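Student: Put chain B on the given structure of chain A with help from the hints.
There are 2 protein chains.
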Amino acid sequence: MKFGGSSVGTPERMQRVANRIIERQKEGNDIVVVVSAMGDTTDNLIDQSKILNSNPSSREMDMLLTVGEQISIALLSMTIQAAGSKAMSFTGWQVGMKTNDVHGKAKIMDIKPDRLLDALKEGNIAVVAGFQGVSDNGELTTLGRGGSDTTAVALAAAINADVCEIYTDVDGVYTTDPRVVKNARKLDEISYDEMLELAHLGAAVLHPRAVEYAKHYNVQLVVRSSFTYNTGTSVKEEAVMEQGVAVRGIAFEKNVARITINGVPDQPGILANVFNELAEHDIDVDIIVQSGTQNGTADFAFTVSDSVKDKALEVIDGIKSLVSYREVASESGLVKVSIVGAGMVSNPGVAAKMFTTISDLGININMVSTSEIKVSAVIKQDKLNEAVIALHTAYGLDTTEQAFVGGPAERR
Amino acid sequence: MKFGGSSVGTPERMQRVANRIIERQKEGNDIVVVVSAMGDTTDNLIDQSKILNSNPSSREMDMLLTVGEQISIALLSMTIQAAGSKAMSFTGWQVGMKTNDVHGKAKIMDIKPDRLLDALKEGNIAVVAGFQGVSDNGELTTLGRGGSDTTAVALAAAINADVCEIYTDVDGVYTTDPRVVKNARKLDEISYDEMLELAHLGAAVLHPRAVEYAKHYNVQLVVRSSFTYNTGTSVKEEAVMEQGVAVRGIAFEKNVARITINGVPDQPGILANVFNELAEHDIDVDIIVQSGTQNGTADFAFTVSDSVKDKALEVIDGIKSLVSYREVASESGLVKVSIVGAGMVSNPGVAAKMFTTISDLGININMVSTSEIKVSAVIKQDKLNEAVIALHTAYGLDTTEQAFVGGPAERR
Chain A
-18 MKFGGSSVGT PERMQRVANR IIERQKEGND IVVVVSAMGD TTDNLIDQSK
32 ILNSNPSSRE MDMLLTVGEQ ISIALLSMTI QAAGSKAMSF TGWQVGMKTN
82 DVHGKAKIMD IKPDRLLDAL KEGNIAVVAG FQGVSDNGEL TTLGRGGSDT
132 TAVALAAAIN ADVCEIYTDV DGVYTTDPRV VKNARKLDEI SYDEMLELAH
182 LGAAVLHPRA VEYAKHYNVQ LVVRSSFTYN TGTSVKEEAV MEQGVAVRGI
232 AFEKNVARIT INGVPDQPGI LANVFNELAE HDIDVDIIVQ SGTQNGTADF
282 AFTVSDSVKD KALEVIDGIK SLVSYREVAS ESGLVKVSIV GAGMVSNPGV
332 AAKMFTTISD LGININMVST SEIKVSAVIK QDKLNEAVIA LHTAYGLDTT
382 EQAFVGGPAE RR
Chain B
-18 MKFGGSSVGT PERMQRVANR IIERQKEGND IVVVVSAMGD TTDNLIDQSK
32 ILNSNPSSRE MDMLLTVGEQ ISIALLSMTI QAAGSKAMSF TGWQVGMKTN
82 DVHGKAKIMD IKPDRLLDAL KEGNIAVVAG FQGVSDNGEL TTLGRGGSDT
132 TAVALAAAIN ADVCEIYTDV DGVYTTDPRV VKNARKLDEI SYDEMLELAH
182 LGAAVLHPRA VEYAKHYNVQ LVVRSSFTYN TGTSVKEEAV MEQGVAVRGI
232 AFEKNVARIT INGVPDQPGI LANVFNELAE HDIDVDIIVQ SGTQNGTADF
282 AFTVSDSVKD KALEVIDGIK SLVSYREVAS ESGLVKVSIV GAGMVSNPGV
332 AAKMFTTISD LGININMVST SEIKVSAVIK QDKLNEAVIA LHTAYGLDTT
382 EQAFVGGPAE RR
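Line order of the protein sequences matches chains A and B.
Mapping to my numbering: the first sequence position 3 is -16, numbers consecutive.
Mapping to my numbering: the second sequence position 6 is -13, numbers consecutive.
Looking at chain A on its own, in the form it has when it is part of the complex:
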């Protein structure tokens, strides 16, 4: 059972989570709980550090931030004990969560869960600090973004758990964001690959890294609400395919900018130059499109986050002599809308339906990108809701039930 920081952010929530855990144990289960830092703890620690050092070393930052989860596990264990059940808390290093030594974004190398298993044998609920580990030479590390989800999945794999339940603010994975489409439907099942696409595409319910880990070790995931008793969504290898349903869900990512570089000499290595240079400046590029060549020159386009657009343009300006392009153009205020579904491969016309649906609304499609299980279209951001609502209906995803959506998204 993994609980995020907002699920334990107040004493009342902490008590509710403790009761929830105890109920699951009384059903006859051995329980390992993974928990994140409470509410604002991490942000407060970061604020304190910034006063003293504007650019602190990542080693000391890990030393500082691992404290957040340690507070959570101690308080949650005390809360469980106050309710009359046995509990023991464990830091990352205490459960043998071995990582490499890349501070701030360490990778899990191995888990030696002996103490955890001993604690379970003695009837304890084991409460483990998410997000943290220890390197071979005894350095405290953090796993970076999605860290607590990843801790939970990795532990579940290491102890061969029957299921890894991710408790969050929403009661499962939806066909799309219920704040945009009132008739969004909660999915009972979804495959790892579909979940990966949805996770990458901005459905913040589960971190892609944890999904990859779960897929690799075949850990059955369930995403469910910490506020309700609804069933949640199972994430597994082969999700049951509903009759004739090619599209499982619709994701979108806001604040996208498109940059177009026109008149680039059609020579090997030119594209590589551009994207290496952008990567060296830590600029993440998403969609890249090149549509052929003309008179020995090519035009291509790519998308970045709006927030780094100006930086990207500077970088490109700096390599003008190297790339010798004719002109650069850019556009902000775009959004990427994606339809996702493993059934897409065997259903011709799925992509065509998307383009038709969007153009029937009089909306222009700026870019398109496809993979085996998704089709993405970039459109103007002010057309987002209109497009998603229409696509949701077009692919038969609407329901009549009311969706439950909780508070703010989990931090880690």
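Which copy? The list can't say, so a pair holds if one copy fits it or any two copies do.
Below, in silico cross-link-like pairs of lysine-lysine (DSBU-like), each with a Cα-Cα straight-line distance of 35 Å or less:
| id | residue 1 | residue 2 |
| --- | --- | --- |
| 1 | K86 | K67 |
| 2 | K290 | K235 |
| 3 | K79 | K102 |
| 4 | K7 | K102 |
| 5 | K88 | K67 |
| 6 | K102 | K88 |
| 7 | K217 | K79 |
| 8 | K301 | K86 |
Simulated from the structure, these hints should not be mistaken for laboratory data.
Quantities reported herein were computed from a predicted structural model and do not represent experimental measurements.
Tutor: Frame of chain A, contents of chain B only:
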């Protein structure tokens, strides 16, 4: 260099401490810093826990409270780094601070400071979390009261440090409390035994446990201010004895209560009954006096803290049938005044001078207790200042210099 929680309680203080440390390094020293939890951190964590569990397990309490020092070491290391020097922080378990597994008041069993020494070799200032350790089976422990002082002394012994400097709110050990005697004089030197008596007797500057540890391993201690550059007080095996000075200092302990039990049958084991029973109820007894027997019964008296007097009286009432005493009396609002000095043994008349000085003021002495290097007298609390000022003069301890006294006492 050991710094308490109030020395690092604000960003400004943290920066001042960092500069102080860097100065000492630039003088050519290898530096290990031990630091306590900042300001109110520990109290805040305890408050949070009380909401969730009124009687939390000591294991989980240690898990929670060790966080306080971990925050301090990370932030202090960052601050040192921001000032341009190399620093590395270490938790208790990272510096091999091995303890037994008594949570909340663990004892240090062994220290394996290999990582610490490596860090020093690489030119780092090593910043170590005070107050905490790890048991053989990997449990986090805390050392209890005086923990950070003890951490500093134990590490100094383990790495064979030239000196262990305890930085605090006052600029050394005084002949008595400068808030009571304006002419109190800072001592340049004091012996371990004298310091122990002063520490036990309420001079809160250094924890007795740390002094005992220092005496055992012959660690040279210096107590000095984190706010001034004054020399401080050296605590060592043989302190230089000033000509004709038998008394090194005057300590006192307020809020003392005296309990008298009269008409106790003069049989073996009766006294043991009383004090075993009090110990089982966690009541600390200080002075015990029995002045002989009369008609087969004895009268005896002892002191406890005012705050537990009523509880002590209840306990004694509960064993009336067992002890069959005649009557019990008690008096509150007393204070214990003690003169301390290793030279007392070889100077006859030291105790007599104390009694004369006090009675010349018309003050009644309620109880007396002596050891090789101290004489204690219990008097009424409202006579305290008068008595201490007169004793200070009588034993030639006055100075004309102005004492420096800092803020509130350190917490740990």
